[in-house]
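Could you put together the complete structure from these sequences and hints?
Protein chains in written order, with full-length UniProt numbering: chain A, 1 to 431; chain B, 1 to 431; chain C, 1 to 431; chain D, 1 to 431.
Please note that the accuracy of each hint is not assured.
You can't tell identical chains apart in this list, so a pair holds if it fits in one copy or across any two.
[Said to hold, decoys possible] Straight-line alpha carbon distances no greater than 25 Å define the calculated PhoX-like cross-link-like pairs of lysine-lysine that follow:
1. K264 with K279
2. K422 with K336
3. K383 with K210
4. K12 with K404
5. K12 with K420
6. K279 with K113
7. K210 with K12
8. K420 with K262
9. K318 with K113
10. K7 with K210
11. K210 with K252
Derived from the structure by calculation, the hints contain no laboratory data. Small disclaimer: the values here were computed from a predicted structure and weren't measured.
There are 4 protein chains.
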Amino acid sequence: MAYRDEKLSEEKVFKDPVHRYVHVRERVIWDLIGTSEFQRLRRIKQLGTSYLTFHGAEHSRFNHSLGVYEIVRRIIENFNDRPNWDNEERLLCLCAALLHDLGHGPFSHSFEKVFKLDHEDFTQAILLGDTEVNHILRQVEKGFPKKVADVINKTYENKLVVSLISSQIDADRMDYLQRDAYFTGVSYGHFDMERILRVMRPMEDQVVVKESGMHAVEDYIMSRYQMYWQVYFHPVTRSAEVILSKILHRAKELYENGYAFKLKPIHFLSFFAGEPTLKEYLALDESVTLYYFQMWMEEDDPVLSDLCHRFVNRRLFKYIEFNPNSQMNEWMELYKLFQKAGLNPDYYLVVDSSSDLPYDFYRPGEEGERLPIHLLQPNQELKELSRLSDIVESISGKKRTDHKLYLPLDRLEEMSSRSKTKKRIMEILYG
Amino acid sequence: MAYRDEKLSEEKVFKDPVHRYVHVRERVIWDLIGTSEFQRLRRIKQLGTSYLTFHGAEHSRFNHSLGVYEIVRRIIENFNDRPNWDNEERLLCLCAALLHDLGHGPFSHSFEKVFKLDHEDFTQAILLGDTEVNHILRQVEKGFPKKVADVINKTYENKLVVSLISSQIDADRMDYLQRDAYFTGVSYGHFDMERILRVMRPMEDQVVVKESGMHAVEDYIMSRYQMYWQVYFHPVTRSAEVILSKILHRAKELYENGYAFKLKPIHFLSFFAGEPTLKEYLALDESVTLYYFQMWMEEDDPVLSDLCHRFVNRRLFKYIEFNPNSQMNEWMELYKLFQKAGLNPDYYLVVDSSSDLPYDFYRPGEEGERLPIHLLQPNQELKELSRLSDIVESISGKKRTDHKLYLPLDRLEEMSSRSKTKKRIMEILYG
Amino acid sequence: MAYRDEKLSEEKVFKDPVHRYVHVRERVIWDLIGTSEFQRLRRIKQLGTSYLTFHGAEHSRFNHSLGVYEIVRRIIENFNDRPNWDNEERLLCLCAALLHDLGHGPFSHSFEKVFKLDHEDFTQAILLGDTEVNHILRQVEKGFPKKVADVINKTYENKLVVSLISSQIDADRMDYLQRDAYFTGVSYGHFDMERILRVMRPMEDQVVVKESGMHAVEDYIMSRYQMYWQVYFHPVTRSAEVILSKILHRAKELYENGYAFKLKPIHFLSFFAGEPTLKEYLALDESVTLYYFQMWMEEDDPVLSDLCHRFVNRRLFKYIEFNPNSQMNEWMELYKLFQKAGLNPDYYLVVDSSSDLPYDFYRPGEEGERLPIHLLQPNQELKELSRLSDIVESISGKKRTDHKLYLPLDRLEEMSSRSKTKKRIMEILYG
Amino acid sequence: MAYRDEKLSEEKVFKDPVHRYVHVRERVIWDLIGTSEFQRLRRIKQLGTSYLTFHGAEHSRFNHSLGVYEIVRRIIENFNDRPNWDNEERLLCLCAALLHDLGHGPFSHSFEKVFKLDHEDFTQAILLGDTEVNHILRQVEKGFPKKVADVINKTYENKLVVSLISSQIDADRMDYLQRDAYFTGVSYGHFDMERILRVMRPMEDQVVVKESGMHAVEDYIMSRYQMYWQVYFHPVTRSAEVILSKILHRAKELYENGYAFKLKPIHFLSFFAGEPTLKEYLALDESVTLYYFQMWMEEDDPVLSDLCHRFVNRRLFKYIEFNPNSQMNEWMELYKLFQKAGLNPDYYLVVDSSSDLPYDFYRPGEEGERLPIHLLQPNQELKELSRLSDIVESISGKKRTDHKLYLPLDRLEEMSSRSKTKKRIMEILYG
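Written out as structure tokens, the structure reads:
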């Protein structure tokens, strides 16, 4: 039997807290899960630094990837025998679902920003390079790795297939909303996925949802909205991200300035240079990162050491509302006051702005535009969701920006109560 | 106001998926949570290698410790104003609950076995040594660290207090059963804790449960029984433990034999010597451990390198039922055949025996005897649970041992199909 | 000890699927639950005819009333010691919560419309009349029944107390959303009540919510929105309501026309006359109503008999979208065609219009305006919710009317396929 | 297309709180659900009088019947293509599952005992008599009603089919345990049904379970054990049953003695005579029963009136432990004392004995022996569950009888405190 058609002698199941069970019947899927590149996702947290805000959020991208696979598997089970659906695409969909996050590194958001990398490029590189994953995909068919890469890259010709993996209501989002809600323990993130799956219909170039399922979709959009504001953009998480970014910046800066590290940061060198090879990229997972952070706590550079201490032991920066645009003067004065107080403002006075684009907003660490959601009306016409739903319309496309100023309040508090610098800083900050 | 009585200006809550919210009002508790020793528990998984079997089981001991604290807090809330209860002990109970697992290291079970350590000794050392935790406890009262240590050590004079933290139905167990069930996603582990808490009564020297709550307690005991067999003793988890132990053994052996490591295992040296200081012990968390395992994959020693590859990439050993006592001859023959096949049997042919002691059994990594559960009858007499419950009686004290033989089946399969050694091995193993 | 202060010797608990446990400590509450007027609520379904759409919705108003009591109990537990809160009002709040729905009759919505009754009048009458409930309340204090009645009537002077029982975010609504979601099994209706309760603050004349809890409140409003459209206004439920109303109409009409009932409708006589006494009102619960419907299936009047058959055996009318305002001509033609076909259009051709007022909408069977939700900002100012929340703003005050035409499609289908009347009817209906 | 093969144009789903959705594709099933005999199950509570103990337990047999159908549907979906499974039996299984409880009347347990009836006879009668259900089944095939009746009656030749509907681990039990737990809100009743379904295997003459699923089955058995003791045999529920039985006894006795009822009990006459026709049987549902109870509250006979008051308004008897065998003298003395006190002991002094047969026990209202559970071992041999499971063995076949004496404590308390009769009664009862 051709490898692509091989079935396991007995179906394998993974116990999954979100979907109850993840079912695997195909040999190809089983083999992909066993690759070192896929297993590596166990060492990358799904929500990066969020575990410092929500202690339950310690789950990995491995979890999520299995979940996305399972949702796509169920969608396709429902599609079987429907018009527009070509079951020849089934294995391709399953592989793309499973592997779509393969290129994520540790704390992607900050790493990518500081080192100017893009996890999507690495996903492509893993799929197409000399990897265990590529080796397995090639056994299916010579051009198969490219096909999987194209689906994930949204350039695959069959747009219906693409929309299963990335659209405004794809398996990726449906999994992470539910999974992140489950592990953080928040009460948002619930919607009736079983119903959505039942009313999904394959069309020529996209998956659509029967209009009768509109309320379930609204519920899903609202979950998203709530998860963004309550979890993904939580100001404490952003504080941890701020510190993380500053650690990476500082290490890079020190390296570029010829600072003599006690522990040579061999895993980071290519990152500092901006050009990690695939192998180097894969070697730097979260345990390696945390190892360095712990070693760097012992470095002589006070900024690097302090920031690492803060991250490892969760001594985060405090925040206040602060709009750098309208508060330019305060900003400049604070900058100078911090310098005066011996707190390098480039590292200790940080403005962070979050923005959300409800409905068509995208998740930190993700980019690109996604297909809107189309509802299939009884008369077989399609209509874009926000044209039928008041609620969705109300949150569509509205950009809301939230600026916060992050700083080490503990350091200010330690200063003498007679210090005028301190007094002035506190005055500006807290009025 | 005395430090021990200080309240936070506003109650703090942690969102917890198991208990919904963890509530903190005391400054002391808040400060303890912020110590580096307590934050370190975020880098120690609650279930060690179980995440390789149940992908959801990635939660840390930090999680669990907060949970135990919260349960004790709720128990005490119910105890208020009851006879036998002295509310002066409240803060002590909360601290002991929060800190009871403080001495756990990475993958405790294997580390302790191989390096002959005991996490309870380190819990004591952290509480009584020069640590942030000790510093805070001392502010409460000079002898307070010792009191907390005594409660955790079960030597504190007020046995009622001890029994809240460690007995057959203590807050520790009630938390981990529910928490481990939640994160693994298994359907065991549920019992009506709210009801148990409501029928708990403080007695002079122990916590007891009103007889009317017996069925809820039975349910709790059954949860424990199921969790042990379905989760804690899962043979795949034990396979990962086998490999982990063998890695540690091998590294130690190599070190003792003067092997030249490419990366000097500085974090491990004191462990190899069997005498890590407290500081050294605390420095070796799971991210550091995993860092070494990944570096060791590149070592020249084929055994160390292979075992690390197996652990990191989850290429576990397979297992078959095997009783070394009754199958001594097969065992000896296999040993020789493995040597012949170039597979060092000390590392590649491992018998692992699990035993359980339902009801009075104890959890891997824990030791000591625990107080049995007493039911308070309407006539105010106490009776031991198993004397009233058929179900509990049926599983009490019965030792069931389960022997398994672990080995790298993949290596055997790679051998030439004409190899007589292979043939004979397979014959012995699979008949 | 004064009756109002009497505690039960041991706290009583009710196992409740929604709130886990309902706790009762006061003798007054316990006695009220035991009255025949309160027990009668077991024979009135919480959601009237909804069980014909959602088979799980068979729960009674007894359930819900206990739930509202429990929520108020928890709110007050949090209020203890807060400014603006006078604990002297506690028992009053608990009684009002428990008894607020006491005057509901069977299938309130239709009964009240047809017989021009108001369940709120009957609640007042039960509280103030010669009833077991009144007898108990009077033991608390002579004027206590009036106080309870005033709270429920929203005329009590302490508006804070009133707002606990009836406002846009009162205990009533928080209970029924969760309870109705639980019993129907829909995935809407979830919100983080524990959080809302924790951020509720008593103010001089109302309960407000701290701004930090805004997202939890948004979630609650969205639950409401979804429950209205998915459950409360479900078109199949409305079909059952249509039939129910028409049964009551027909029975009344027959009675007024001197029709000789085989079974004299003694329980209904005072309702037909429009003036049931309290005793008569209380005697007519759902089992009595269903008894009559079953007996009336055997009546000679074909309309009454048919409608009762339909209700009892769930042979509901079908519906199509139909706007009587813009389709006046069709409506008139249909009316005549139905007459021609021998189907009395007054009973067999029914337009039903639902309207919703999201956020300030009210529930079928309830009336009156409710206090809006105010958020308490960090600067201690109050702001109305919709001014801070885009989502709530988007669904506030918008009236959406949905018209449907209900008719017995089965009867049309039975007509000869050559009937021109039938053909024309079908043409108008389905184009 | 043959009626038996007709599919609905679109799958219909019922929202079910226990199984999320119940799916119907077959026209036959849809039509059966619409029959008046099946709809009548909405007017019969699944747990009889349990709602007087657990207020959530107001769900009907209609609910449960849909649930059993859904479980069988899922089992068969898994059986497809397995050896031993003949898909020709599918529709038969679905119909038998749906209809297995069709003959239940109101409060079956007491009605059957007092009037010497058997709901199973009525199930057969409905299936085979002149009913809407029979009419539909006959359209499938002339002999089909008989086949369905045989499956339910356990006399169908294909024992595999029988075992799906009635065995120790059939769809009936799996549904009611979960459903009754859900509606009462107790934390028992959970087990991993999805897993059990996945390891079920069809054998020649029964359904068996793969040994690897043993722990899930143990969990199911334990759920059963807990549900029996915590819910089904709850002493308060038994108090309500005692009163119910006594009402029926009294009404019968009065009738036989020529008592002149104010309201002639026409619905009960044939029951008193012991020979209700099918039509009469079906007419007497719970609403009719409750109607009579409410009317009888106004009867002149003080016993009937009092008992009906007690049932309707939940003024239940109190209970104490009492073993009539070992306490014969007390019993006889109490009997006389009650007579002396003017309390007819035949109605007001009632011993009720419950017995359970854990594992092979059966549910109140059900009878007959059921096939034990067989585990399928890896070597393809079958072994009875209790031979492999200590826990199940421990509760197997052990009969535990629990005797309670029920009496109206309120009536005793009303007696003068100087009454010697009262004093002596209280002495015997409470020592």
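These are the hints, each one checked on the structure:
1. K264 with K279: both (19 Å within a copy, 22 Å between copies)
2. K422 with K336: Within one copy only: 12 Å inside, 75 Å across.
3. K383 with K210: Close inside one copy (10 Å), not across copies (39 Å); limit 25 Å.
4. K12 with K404: Answer is between; shortest inter-copy Cα gap is 22 Å, intra-copy 48 Å.
5. K12 with K420: So K12 and K420 fail the 25 Å test inside a copy (68 Å) and across (32 Å) alike.
6. K279 with K113: Within. Shortest intra-copy distance 20 Å satisfies the 25 Å Cα cut-off; inter-copy 35 Å does not.
7. K210 with K12: Answer is between; shortest inter-copy Cα gap is 15 Å, intra-copy 33 Å.
8. K420 with K262: neither (37 Å within a copy, 54 Å between copies)
9. K318 with K113: This pair counts as within: shortest intra-copy Cα distance 22 Å, inter-copy 43 Å.
10. K7 with K210: between (33 Å within a copy, 21 Å between copies)
11. K210 with K252: For K210 and K252, neither the intra-copy (52 Å) nor the inter-copy (43 Å) Cα distance is at most 25 Å.
Hint compliance for this structure: hints 5, 8 and 11 are not met, and every other hint is.
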